[in-house]
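**Q** Next come the chains, spelled out residue by residue.
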Amino acid sequence: MISGNTSALTIAESLGKASALSVGLGAAAVRLSGLITIEQLREAVQMELEELGLDAQVIEENLRLAEEVYGGLENVTIQPEKVPPKELVHEMAYDHVLLGTPSILAPGNAEARQTGSWRVERPEINYEHCTRCGLCFVGCPDGAIALDEQGYPVIDYDHCKGCLICLEQCPRHSIVSKKEVRSW
Amino acid sequence: MVRKMLTGNAAAAWGARLAQVEYVPAFPITPQTEIIESLAGWFADGALTGKFVTMDSEHSMVTAAGAAATTGVRTFTATSSQGLIYAMEALYTVSGWRVPFVLVNVSRGLSSPITLGPDHNDVLAARDAGFIQIHVETCQEVLDSVLMAFRIAEDSRVSLPVLVNLDGFFLSFTREPVEIPNAKLVQEFLPAFRPHHPVFKGSQSVAQGVAVLDGAAYSYFRYQMHRAVENALEVHEEVAEDFYRLFGRRYGALEEYRMEDAETVLVMAGSFSTKGKAAVNRWRDQGRKVGLVRLRLIRPQPAAELARLLTGRKAVGVIDQNISPGLGGILYQEVAGALASTSDRPPVMRSFVGGLGGKDISPAEFDRVLEVLDEAKSGEGHVPCELLFTDAEYKQVRTALSVAGKPLEGRAS
Numbered sequence: 296m297i298s299g300n301t302s303a304l305t306i307a308e309s310l311g312k313a314s315a316l317s318v319g320l321g322a323a324a325v326r327l328s329g330l331i332t333i334e335q336l337r338e339a340v341q342m343e344l345e346e347l348g349l350d351a352q353v354i355e356e357n358l359r360l361a362e363e364v365y366g367g368l369e370n371v372t373i374q375p376e377k378v379p380p381k382e383l384v385h386e387m388a389y390d391h392v393l394l395g396t397p398s399i400l401a402p403g404n405a406e407a408r409q410t411g412s413w414r415v416e417r418p419e420i421n422y423e424h425c426t427r428c429g430l431c432f433v434g435c436p437d438g439a440i441a442l443d444e445q446g447y448p449v450i451d452y453d454h455c456k457g458c459l460i461c462l463e464q465c466p467r468h469s470i471v472s473k474k475e476v477r478s479w
Numbered sequence: 006m007v008r009k010m011l012t013g014n015a016a017a018a019w020g021a022r023l024a025q026v027e028y029v030p031a032f033p034i035t036p037q038t039e040i041i042e043s044l045a046g047w048f049a050d051g052a053l054t055g056k057f058v059t060m061d062s063e064h065s066m067v068t069a070a071g072a073a074a075t076t077g078v079r080t081f082t083a084t085s086s087q088g089l090i091y092a093m094e095a096l097y098t099v100s101g102w103r104v105p106f107v108l109v110n111v112s113r114g115l116s117s118p119i120t121l122g123p124d125h126n127d128v129l130a131a132r133d134a135g136f137i138q139i140h141v142e143t144c145q146e147v148l149d150s151v152l153m154a155f156r157i158a159e160d161s162r163v164s165l166p167v168l169v170n171l172d173g174f175f176l177s178f179t180r181e182p183v184e185i186p187n188a189k190l191v192q193e194f195l196p197a198f199r200p201h202h203p204v205f206k207g208s209q210s211v212a213q214g215v216a217v218l219d220g221a222a223y224s225y226f227r228y229q230m231h232r233a234v235e236n237a238l239e240v241h242e243e244v245a246e247d248f249y250r251l252f253g254r255r256y257g258a259l260e261e262y263r264m265e266d267a268e269t270v271l272v273m274a275g276s277f278s279t280k281g282k283a284a285v286n287r288w289r290d291q292g293r294k295v296g297l298v299r300l301r302l303i304r305p306q307p308a309a310e311l312a313r314l315l316t317g318r319k320a321v322g323v324i325d326q327n328i329s330p331g332l333g334g335i336l337y338q339e340v341a342g343a344l345a346s347t348s349d350r351p352p353v354m355r356s357f358v359g360g361l362g363g364k365d366i367s368p369a370e371f372d373r374v375l376e377v378l379d380e381a382k383s384g385e386g387h388v389p390c391e392l393l394f395t396d397a398e399y400k401q402v403r404t405a406l407s408v409a410g411k412p413l414e415g416r417a418s
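Protein sequences appear in the order of chains E and H.
The first sequence begins at 296 in the numbering used here and counts up by one.
The second sequence begins at 6 in the numbering used here and counts up by one.
FYI, nobody ran anything at the bench for these hints, they're computed from the structure.
Any given hint could turn out to be false.
Stated by the list, open to error - Straight-line C-alpha distance at most 20 Å; calculated SDA-like pairs for lysine to any residue:
no.: 1; chain 1: H; residue 1: 280; chain 2: H; residue 2: 376
no.: 2; chain 1: H; residue 1: 280; chain 2: H; residue 2: 394
no.: 3; chain 1: E; residue 1: 381; chain 2: H; residue 2: 221
no.: 4; chain 1: E; residue 1: 456; chain 2: H; residue 2: 215
no.: 5; chain 1: H; residue 1: 189; chain 2: H; residue 2: 250
no.: 6; chain 1: E; residue 1: 456; chain 2: H; residue 2: 218
no.: 7; chain 1: H; residue 1: 206; chain 2: E; residue 2: 393
no.: 8; chain 1: H; residue 1: 206; chain 2: E; residue 2: 401
no.: 9; chain 1: E; residue 1: 473; chain 2: E; residue 2: 351
no.: 10; chain 1: E; residue 1: 473; chain 2: E; residue 2: 422
no.: 11; chain 1: H; residue 1: 319; chain 2: H; residue 2: 383
no.: 12; chain 1: H; residue 1: 206; chain 2: E; residue 2: 422
no.: 13; chain 1: H; residue 1: 206; chain 2: E; residue 2: 399
no.: 14; chain 1: H; residue 1: 206; chain 2: E; residue 2: 400
no.: 15; chain 1: E; residue 1: 456; chain 2: H; residue 2: 216
no.: 16; chain 1: H; residue 1: 364; chain 2: H; residue 2: 294
no.: 17; chain 1: H; residue 1: 206; chain 2: E; residue 2: 403
no.: 18; chain 1: H; residue 1: 206; chain 2: E; residue 2: 351
no.: 19; chain 1: E; residue 1: 456; chain 2: H; residue 2: 217
no.: 20; chain 1: H; residue 1: 282; chain 2: H; residue 2: 254
no.: 21; chain 1: H; residue 1: 206; chain 2: E; residue 2: 402
no.: 22; chain 1: E; residue 1: 474; chain 2: E; residue 2: 462
no.: 23; chain 1: H; residue 1: 364; chain 2: H; residue 2: 87
no.: 24; chain 1: H; residue 1: 294; chain 2: H; residue 2: 313
no.: 25; chain 1: E; residue 1: 456; chain 2: E; residue 2: 445
Stated by the list, open to error - Where chain E lies over chain H, by a calculated footprint (3+ residues, C-beta under 8 Å):
no.: 26; segment: 101–108
no.: 27; segment: 209–215
no.: 28; segment: 227–234
These numbers come from a predicted model, not from an experiment.
Note that beta-carbon positions come from the ideal geometry of N, C-alpha and C, so glycine has one too.
Isolated chain E, as found in the complex:
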């Protein structure tokens, strides 16, 4: 499906980067839908990224990506599968209240949910200035900071929600925050 000005590699490379997901995939989706013009796409990308407070240059790069993806895809007709797989519909009975209550009885399963995906701001530790005082470790409300064998704090980015309490706690300002949304 990919042809024209943009190589498959360009698109695949861009889509592989987290920050390009919404712009690249969005551009592909609107192209495939056949309902949205390139001008409308540009306007949507512009509005979405401006709200995030990104630099003009980053927005420009994203707009270019959108245009490349949009221009690189041909109009396609999506053929539905001839026989859609039959999904079984469940007839739900009453389950015992032990099951049918939104409660959790098994302790210690919070780790299974990777709350790091909620993060907008990403705290990063500057280890050159870190004195290993441990205040960030103590202050982290989610227990997402551990101490390594030398006593240096290590952030678990799978679970850090980016609240930046560690940054506020650090007496030497050795923790900085970076936006999770980046240039592609």
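Starting from the known structure of chain E, fit chain H onto it as the hints suggest.
**A** Just chain H, lined up with the frame of chain E:
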């Protein structure tokens, strides 16, 4: 067994006392306050042990009731009108926890304009909150229903809060002879609360009322709640049977009054059903075949039984003591819904709205209902609800408006 002249409020408090409730979060509001005052007195003098706590609002109060129930403690609370709707968010929340407790609502019309007399817009606003709803007619039924409510709430097939509704003033402040059941028999009927799922206690890791954040899990729990409310139909029947065996009074999900050969049927709820029964007696004396069905269980709706009672009749008039602006009577819609898929529906069905804000429904207004039902034609299609209101009442309102400086003459433009 002792027989006393009790108000509906005192009867509700006696129900909670006999159930040996252990936690009562409270907030005053007319016409409910007498219930929590009575309970406060009994917690103070030792007749009840446990905690009586005054809260900062009904929202906190209902949340506290639900939270207490998550610890496995038998919990009771009461409110009315604005208090119930102020607690609306909490009502939906705590029922989702699937915790049993009993809430008594003393019905009172909603603002605006503010008033104190009863109607059912407050309690029916909560009809989708996942609470079982029992609407009572007499002070005796208040006490009995509070006891039955705990049994239903605590059954593992239900495990939900139960709301017992009584009408303000007409029951709350009216003394009627009430039998206070023997405490030992009550213990047999209602043993100590044993939760059916793990509750909060020391050294037990449990999270209750957790977020789900996905539609499938949300649908599962909400639908389970629906099934649990439906289960209350069967549980109510069993509990009513036990209650009858021990105390000699029988309660159905619906009450039939002189229905045996009735061609015309009134459907009503709450204490005004007594007025409806008086009208039925009067008409029966005149040789008319009229009966009455009182809706006692509002949630779950006893739809099958309702359909059984009403199919084959010539005319049904539902008198709603509530109004849904732009729709009409709420219970009329529910009754019509229960009949929708039956083959032998009554050819005439009409909706009446009466008794709003505690306004009386006079014999003349009941006669009007019968007259309308007699004259209505089969298959007439949608007819808007009719307000029951007398000329004298309209004159009274116009007099009040005139005192308020609102004569129409010379002002209307």
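**Q** Now tell me, hint by hint, if it's right for this structure.
**A** Right, here's what the structure says about each hint:
In summary, the hint linking residue 280/H to residue 376/H is supported, as the alpha carbons are separated by about 17 Å, within the 20 Å threshold. The straight-line distance between the Cα atoms of residue 280/H and residue 394/H is roughly 15 Å, inside the 20 Å bound, and the hint therefore holds. Our distance criterion of 20 Å between C-alpha atoms is met by residue 381/E and residue 221/H, whose separation comes to about 19 Å. For the given pair, residue 456/E sits about 19 Å from residue 215/H by alpha-carbon distance, which is consistent with the 20 Å threshold.
With a C-alpha separation of about 14 Å, the suggested pairing of residue 189/H with residue 250/H holds against the 20 Å cut-off. The hinted pair formed by residue 456/E and residue 218/H meets the criterion: a straight-line CA distance of about 17 Å does not exceed 20 Å. A threshold of 20 Å between alpha carbons decides the hint, and for residue 206/H with residue 393/E the separation of about 17 Å falls inside it, so the pair holds. Between residue 206/H and residue 401/E the alpha-carbon distance is near 15 Å, which keeps this suggested pair within the 20 Å criterion.
Our distance criterion of 20 Å between C-alpha atoms is met by residue 473/E and residue 351/E, whose separation comes to about 17 Å. For the suggested pair residue 473/E and residue 422/E, the alpha carbons sit about 16 Å apart, so the restraint of at most 20 Å is met. Between residue 319/H and residue 383/H the CA atoms are separated by roughly 9 Å; this keeps the pair inside 20 Å, and the hint holds. This hinted pair does not check out: residue 206/H and residue 422/E have alpha carbons roughly 43 Å apart, beyond 20 Å.
Distance hint between residue 206/H and residue 399/E is fulfilled; the C-alpha atoms sit about 14 Å from each other, no more than 20 Å. Restraint check for residue 206/H and residue 400/E: the C-alpha separation of about 13 Å stays at or below 20 Å, so the hint holds. Only pairs whose Cα atoms come within 20 Å are accepted, and residue 456/E paired with residue 216/H is accepted, the gap being roughly 17 Å. Between residue 364/H and residue 294/H the CA atoms are separated by roughly 27 Å; this puts the pair beyond 20 Å, and the hint is violated.
At roughly 17 Å between alpha-carbon atoms, residue 206/H and residue 403/E fall within 20 Å of each other, so this suggested pair holds. As the CA atoms of residue 206/H and residue 351/E are separated by approximately 56 Å, the hinted pair breaks the 20 Å bound. Simply put, residue 456/E and residue 217/H have alpha-carbon atoms about 18 Å apart, close enough for the 20 Å limit, and the pair holds. Restraint check for residue 282/H and residue 254/H: satisfied, since their Cα atoms lie roughly 19 Å apart, inside the 20 Å limit.
A hinted pair counts as satisfied when its Cα atoms are at most 20 Å apart, and residue 206/H with residue 402/E qualifies at roughly 14 Å. In summary, the hint linking residue 474/E to residue 462/E is supported, as the alpha carbons are separated by about 14 Å, within the 20 Å threshold. Between residue 364/H and residue 87/H the CA atoms are separated by roughly 19 Å; this keeps the pair inside 20 Å, and the hint holds. The suggested pairing of residue 294/H with residue 313/H holds, with an alpha-carbon distance near 18 Å, which does not exceed 20 Å.
Of the supplied pair hints, the one linking residue 456/E and residue 445/E is violated, its CA atoms being roughly 25 Å apart against a limit of 20 Å. Check result for the segment 101–108 of chain H against chain E: holds, 3 residues qualifying (beta carbon to beta carbon below 8 Å, three or more required). Counting residues of the segment 209–215 of chain H whose C-beta lies closer than 8 Å to any C-beta of chain E gives 6; at least three are required, and the coverage claim holds. Beta-carbon proximity to chain E at under 8 Å applies to 5 residues in the segment 227–234 of chain H; the threshold of 3 is reached and the given coverage holds.
In terms of the numbered hints stated before, the structure departs from hints 12, 16, 18 and 25, listed from lowest to highest.
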